[in-house]
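Q: The lines below spell out each chain.
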Amino acid sequence: MSNLSTTATSPPEKILADGLFEVFADFFVELRAAGVPISTTEILDAVEALRYLPLEDREALKLGLAAALVKQEGHWRTFETLFELYFSLRGGALSVLREATNDDVLGDGERLSASELAELALRALMDGGPELMAALARASVERFAGMEPGRPVGGNYYVFKTLRHLQTDVLLERLLRHADEAGGLEALVLANEYRRRLEQLRDEVGTEVNRRLVSERGPREVARAMRRPLPEDVDFMHLGREELAALERAVQPLARKLAVHLARKRRKRNDGRLDFRATMRRSLSSGGAPVDPRFKVRQRSKPELWALADISGSVAAFARFTLQLVYTLSSQFSRARSWAFIDGIDEVTDLLHGATDLPQAVQSINMQADVIWTEGHSDYGHALSELVERWGRELTPRTTVLVLGDARNNYHSVHPWAMAELARRARQVWWLNPEPRSYWDTGDSVLAQYALHCSGVYECRNLRQLRHFVEQLP
Amino acid sequence: MTDRRPGERFESPTAVNAGLREVGYLADEGIAAVVFLADRLGKPVLVEGPAGTGKTQLAKSVADLTEARLIRLQCYEGLDEAKALYEWNYKKQLLRIQAEQVTQEGETWAELEEDIFSEPFLMPRPLLEAIRATEPVVLLIDEVDRVEVETEALLLEVLSDYQVSVPELGTVKAAQIPLVFLTSNNTRELSEALKRRCLFLHLDYPSVERERAIVTTKVAGIHSSLADQVVRTVQLVRALELKKPPSVSETLDWARTLVLLGVSHLDAETARQTLHVLLKHQSDIQRAAKELTTAGT
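Which chain is which? The protein sequence lines are G and L, in order. Each residue of the first sequence is one higher than the one before, starting from 1 at the first, in the numbering used here. Each residue of the second sequence is one higher than the one before, starting from 475 at the first, in the numbering used here.
There may be inaccurate statements among the hints.
[Stated by the list, open to error] Quick list of in silico lysine to aspartate or glutamate cross-link-like pairs, EDC-like style, CA-CA up to 16 Å: (1) L/Lys-717 x G/Glu-248; (2) L/Lys-754 x L/Glu-715; (3) L/Lys-669 x G/Glu-84; (4) G/Lys-62 x L/Asp-502; (5) L/Lys-534 x L/Glu-496; (6) L/Lys-718 x G/Asp-292; (7) L/Lys-647 x L/Glu-603; (8) L/Lys-764 x G/Asp-357; (9) L/Lys-566 x G/Asp-292; (10) L/Lys-718 x L/Asp-678; (11) L/Lys-692 x L/Glu-724; (12) L/Lys-669 x L/Glu-715; (13) G/Lys-161 x G/Asp-180; (14) L/Lys-534 x L/Glu-617; (15) L/Lys-692 x L/Asp-727; (16) G/Lys-161 x G/Glu-148; (17) G/Lys-296 x G/Asp-275; (18) L/Lys-764 x L/Glu-724; (19) L/Lys-557 x L/Glu-626; (20) L/Lys-669 x L/Asp-619; (21) G/Lys-62 x G/Glu-84; (22) L/Lys-717 x G/Asp-357; (23) L/Lys-565 x G/Asp-292; (24) G/Lys-62 x G/Glu-48; (25) L/Lys-566 x L/Glu-603; (26) L/Lys-565 x L/Glu-593; (27) L/Lys-718 x G/Glu-80; (28) L/Lys-647 x L/Glu-617; (29) G/Lys-62 x L/Glu-503; (30) G/Lys-62 x G/Glu-80.
[Claimed, not checked] Far from chain G, some chain L residues (derived; all Cβ distances over 10 Å): (31) Ser-486; (32) Gln-548; (33) Thr-582; (34) Ile-590; (35) Arg-686; (36) Leu-726; (37) Glu-765.
[As the list claims (entries may be wrong)] Pair ranges (Cβ atoms, derived): (38) G/Glu-116 x L/Pro-610: 57 to 63 Å; (39) G/Asp-169 x L/Val-682: 23 to 29 Å; (40) L/Ala-573 x G/His-468: 53 to 59 Å.
Derived from the structure by calculation, the hints contain no laboratory data. C-beta atoms are modelled at their ideal positions from N, C-alpha and C, and glycine is treated no differently.
Input sequences plus hints: build the corresponding full structure.
A: Right under this line is the structure:
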């Protein structure tokens, strides 16, 4: 490795010669396979960067490669995971652990009893030093994961097993009790830090398990087994709890983009007619030659947004996303109004505005919004006709209507006239459907009858599709 | 690409880090590595991240460090060629033509045309100015996400080839490759073409250690234990679901306020009373105050 410590002038041929290039090439291919969009130019940049980056400094190498290859923050995690698989060489961790235990009981972590390890975990989590955390993860995996070569199980199994034996919930409880003793503000601050460090420990254990798998099976194999959709490709319907939290963070900027987008539309260029008077006035400074034509500012009205969200059980997972979107929109876009419906419909604009965060908003919608008419199964026909009857007169040619739902009507009356009326009064109606396109108009889905009147119907099952929708808006 | 050699302004990422520290910018490894590479590869850096994390300041500090002139192009909606690249000084051109009519020296139209479309009548705007500069410059293209997608194309020639084409004059090539920083608040997705030409740096809220160091350096007379408390409390506040989580500049404001108030130990009550310095939305303040109330006093 030492002959590879590149100075600024050493050519990449050195990497080529050592067969290291193969590893990098493999890494690039795997990144692409994982869905990170990398162009040839970017690979060339990365290889060029290798010429200058100190190969023995893994952190600098990682960050430098990322700068050339990863152009979107959401892809960073995928990159980091793969980088760890391909270039994980961690030194010095064990020596730190020895210091921490103050003696040499820890030959290989094997001889540490479970309770000793728990004590060590407690100390590592309170201290929070990265080396100690890494060492702890290493010792725990050694002790608890029971990894055997050739066993055909995925890394997640080992991670789960290690964490269960470490009893992370008991650890958290003890940590929180310790935090409480501090009292006052310090207690809150500590509790927050301990929670975060426990998350960190989970990550570390994952990294350690992967490292061991790699040494057994090789990086390509492990990477392939771990291939997971990018955050923007995960289906809203199949989100896990953690992914939901990630989704919340991701929707926020998108909703802001949508708001910005709608706002931007009304501020586009003044391509109005020639303002003859102003042009003549300006021409005086150029001796009467009208070199600087002035144009009339075209009056543009402020657009409004109406969002209608299906919050029935059949789209429960989607509804959470929907409400997130609607909530964020209402906080970003002052002229947004929102409705929630199942078989009845109720305006929830004020409930959303009054809430300080999403959980509170959801709670107040559940408690106060009158969205159930008879039985609580979605009935688009009734909900839409009620909307038109009660609020239809407030629609203006400036209003954009956004319907979020699967159009599964439970075989109730469709009332397509309501949608026609909506479309007639509003500027445009967009429909976002959380179902795959192939499911549309099967069973009790009546999308086609409504789609007839919409300006556009979009499949919206993941963030990528949502982003696509936001960005293609005319 | 051109035959101009990329710069060798810095020795190593570590040197960048140390240099930035000297001019008062506390970078981390990621920032240092990217700035170092940008110089070596001769590529622009696209800096993205939430507001108030020091994106613009990074460009300014690098300019300080390399003793270069900072040329700044502030982007906004409706930014056009005339404001970004160059513009012909038509008033001066008109005067020239009128002077011609008065003197009647029998110059042909072709000669005159050549004359009025030459250097003295050109008004360089930031991009052209940066390209033509002979002294070291750092070009900062601020908030590039504010321009429309179509306008982005204006930047591409400058960013990839470091040249500007002026139809009447020909192509102006850069004498030296300037360091270029583009910042974005990510209000919209930038085009692939632009991203491909840049190195990417995501600036997030700093780690506890880095933010503590920033507070200690930037806030005069702050005791280290207070700095520690401030930064860790800010971490707590950022973990809440807020419309606008506090940025580094707000942390600094808060720390300064506390120092001015003569606070030596931060408790829940003091924190609650000064939250308005840290947070800008009323609902955020309420949300954080509620959280802090659970701490009791």
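Q: Hint by hint, note whether the structure agrees.
A: To see whether the hints hold, each was checked on the structure:
1. L/Lys-717 x G/Glu-248: 12 Å, holds
2. L/Lys-754 x L/Glu-715: 14 Å, holds
3. L/Lys-669 x G/Glu-84: Between L/Lys-669 and G/Glu-84 the Cα gap is close to 25 Å, so the pair fails against 16 Å, i.e. violated.
4. G/Lys-62 x L/Asp-502: 13 Å, holds
5. L/Lys-534 x L/Glu-496: 13 Å, holds
6. L/Lys-718 x G/Asp-292: 43 Å, violated
7. L/Lys-647 x L/Glu-603: 11 Å, holds
8. L/Lys-764 x G/Asp-357: OK: L/Lys-764 and G/Asp-357 at ~12 Å, within 16 Å.
9. L/Lys-566 x G/Asp-292: At roughly 14 Å apart (the allowed maximum being 16 Å), G/Asp-292 and L/Lys-566 satisfy the hint.
10. L/Lys-718 x L/Asp-678: Holds: L/Lys-718 and L/Asp-678 sit about 14 Å apart, inside 16 Å.
11. L/Lys-692 x L/Glu-724: Status holds; Cα separation ~12 Å.
12. L/Lys-669 x L/Glu-715: Violated. L/Lys-669 to L/Glu-715 sits at ~30 Å, over the 16 Å cutoff.
13. G/Lys-161 x G/Asp-180: Since the Cα atoms of G/Lys-161 and G/Asp-180 sit roughly 29 Å apart, the hinted pair is violated (cutoff 16 Å).
14. L/Lys-534 x L/Glu-617: 14 Å, holds
15. L/Lys-692 x L/Asp-727: Judged against 16 Å, a Cα distance of about 10 Å means the pair holds.
16. G/Lys-161 x G/Glu-148: 13 Å, holds
17. G/Lys-296 x G/Asp-275: 5 Å, holds
18. L/Lys-764 x L/Glu-724: 20 Å, violated
19. L/Lys-557 x L/Glu-626: 13 Å, holds
20. L/Lys-669 x L/Asp-619: 12 Å, holds
21. G/Lys-62 x G/Glu-84: 9 Å, holds
22. L/Lys-717 x G/Asp-357: 9 Å, holds
23. L/Lys-565 x G/Asp-292: Holds, at roughly 10 Å.
24. G/Lys-62 x G/Glu-48: 14 Å, holds
25. L/Lys-566 x L/Glu-603: 20 Å, violated
26. L/Lys-565 x L/Glu-593: Cα-Cα ~15 Å, so holds.
27. L/Lys-718 x G/Glu-80: 27 Å, violated
28. L/Lys-647 x L/Glu-617: 25 Å, violated
29. G/Lys-62 x L/Glu-503: 10 Å, holds
30. G/Lys-62 x G/Glu-80: Cα-Cα ~8 Å, so holds.
31. Ser-486: 7 Å, violated
32. Gln-548: The claim stands: L/Gln-548 keeps its Cβ more than 10 Å from every Cβ of chain G (closest is about 17 Å).
33. Thr-582: 21 Å, holds
34. Ile-590: Nearest chain G Cβ is 13 Å from L/Ile-590, so the label holds.
35. Arg-686: 13 Å, holds
36. Leu-726: Holds: least Cβ distance 19 Å, greater than 10 Å.
37. Glu-765: 7 Å, violated
38. G/Glu-116 x L/Pro-610: 57 to 63 Å: Holds, at about 59 Å.
39. G/Asp-169 x L/Val-682: 23 to 29 Å: 25 Å, holds
40. L/Ala-573 x G/His-468: 53 to 59 Å: Cβ of L/Ala-573 to Cβ of G/His-468: about 57 Å, so the range 53 to 59 Å holds.
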